[in-house]
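Visitor: Sequence:
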Amino acid sequence: MITGSRGGASLEAEPRLPRPPGVLRRFWARHPVLADITIAGFCLLLSVAPVIALPNRASEDGRLDPETWDRVWPVLASVVVLGCFALLARRRNPVAVFTITVVVAAVYLFSPVALGGPLVGIATYAVAVYRGNRTCLIAVGAGFSFLLVVAGALGVSGVIAADIAWNVLISEALMMVIGGLIGANVGGRKRYVEALIAHSRRLVVERDQQTQLAASAERERIARELHDIVAHSLTVMVALAEGVAASKDAAHSRPGAEAIAVTGREALRDMRATLGVLRDTDAAPLAPLARDTTDETVASARAAGYETRLTVTGEPDVPSATRLAVSRIVQEGVTNVLRHARAAARIDVEIRYAEDGVSVSIVDDGRTAEGPSGGGFGLRGVRERVELVGGTVTAGPGEPRGWAVRAWLPRKEEE
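The numbering of the sequence shown is my numbering, which starts it at 40 and goes up by one.
None of these hints come from the bench; they were simulated from the model.
Honestly, I wouldn't trust all of these hints.
[Claimed, not checked] Derived CB-CB ranges, DEER-like: (1) 303 / 353: 30 to 36 angstroms; (2) 85 / 227: 24 to 30 angstroms; (3) 117 / 64: 31 to 37 angstroms; (4) 241 / 277: 48 to 54 angstroms; (5) 277 / 308: 17 to 23 angstroms; (6) 117 / 239: 26 to 32 angstroms; (7) 198 / 138: 19 to 25 angstroms; (8) 231 / 395: 52 to 58 angstroms; (9) 201 / 233: 45 to 51 angstroms; (10) 229 / 117: 29 to 35 angstroms.
All values derive from a computational prediction rather than experimental measurement.
Where is the CB? At the ideal position from N, CA and C, for every residue including glycine.
With the sequences and hints as input, model every part of the structure.
Guide: Right, here's the structure in full:
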């Protein structure tokens, strides 16, 4: 909250919450039908009472004889009762109810003495609350214009007295103004509360959606890491095991067996680090795995019997996300050679660090010109990693033989 100087108005960075409703407001809000019946009954009493007292008042002024009263009474009573009962529908059809009350006010013009009631004021209030201020202004303008035209026509033709016309016009205008002002205040508060509730619901929905998206993204990242760990490690272990099994010399097979053990331990370590993210909610996601394993990947390929050459050009001063992406690209490319290349004996891994980015190339000399069948999760994970840092990746037949995986990653500063 931002507060101004002493004695000045306070400025708030956020909208103020309305005061909670009191006991009476909560009661009427829970029982809207009872509230409408009570208001209609109250208006009926206030509107019928002047009609009942009409003969005495008119007789004192000499304006009404018994025969005229017998004709006026049923019309006035019916119209007033109709207007009061119409208030029961003021929430659903406020404009129609306002129109009926304006007709009731027009009938008051034919009374021999001044009559009036709160019907127009209640109807104007309902229009402002349930249809808005703009609709209320239009309705009040149209309704008062109608009364003005009818009163003027009846006054000019001599049907009604001028004091009756002025009394009805002024009293109904006051009722419209009072009802409109109160309704604008209550309606503005009502719409403000509804907007706050709708906004809070949107925030809850957006929060749940963001949580689901974050959980889905984290699952994909963990699945990608597990695939890289398991696929590479098991492929190397299988290749080493096949070499050990084919060797008849125990001395020559011992280094291969030791390499299998080392690869297995590293895979278990990486898997524990990855799965630990699921247990420890305070740990940074996948932080333990953000390390460069390029040398280990090349060493494992050499241990599996492949002539592997690693060429690094330039200074590897790139962000950790880019280093991890380079490491995983090399790991996936070498793993695909071990798994899919036929009669491959050589793997060339080249990494070039330039001013604008990093280029990675993994090429083998196998006989096959086909990559991994079905475009498995490995290459998909490589593409996701490369796209995450804004780079590109291609995979296809090499020249003159084998398979080549090439990627380019732009150089970006650490945030």
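Visitor: The structure should be examined with respect to each hint, and the outcome stated for every one.
Guide: How the hints compare with the structure:
1. 303 / 353: 30 to 36 angstroms: holds, 34 angstroms
2. 85 / 227: 24 to 30 angstroms: The hint (24 to 30 angstroms, Cβ to Cβ) holds, given that residue 85 and residue 227 are roughly 27 angstroms apart.
3. 117 / 64: 31 to 37 angstroms: Holds - the Cβ-Cβ distance for residue 117 and residue 64, about 35 angstroms, lies within 31 to 37 angstroms.
4. 241 / 277: 48 to 54 angstroms: Given a distance of about 53 angstroms, which is inside 48 to 54 angstroms, the answer is holds.
5. 277 / 308: 17 to 23 angstroms: holds, 19 angstroms
6. 117 / 239: 26 to 32 angstroms: Violated, at about 48 angstroms.
7. 198 / 138: 19 to 25 angstroms: holds, 23 angstroms
8. 231 / 395: 52 to 58 angstroms: Taking Cβ atoms as reference, residue 231 and residue 395 lie about 54 angstroms apart, which means the hint holds.
9. 201 / 233: 45 to 51 angstroms: holds, 46 angstroms
10. 229 / 117: 29 to 35 angstroms: holds, 34 angstroms
In summary, the one numbered hint that this structure violates is 6.
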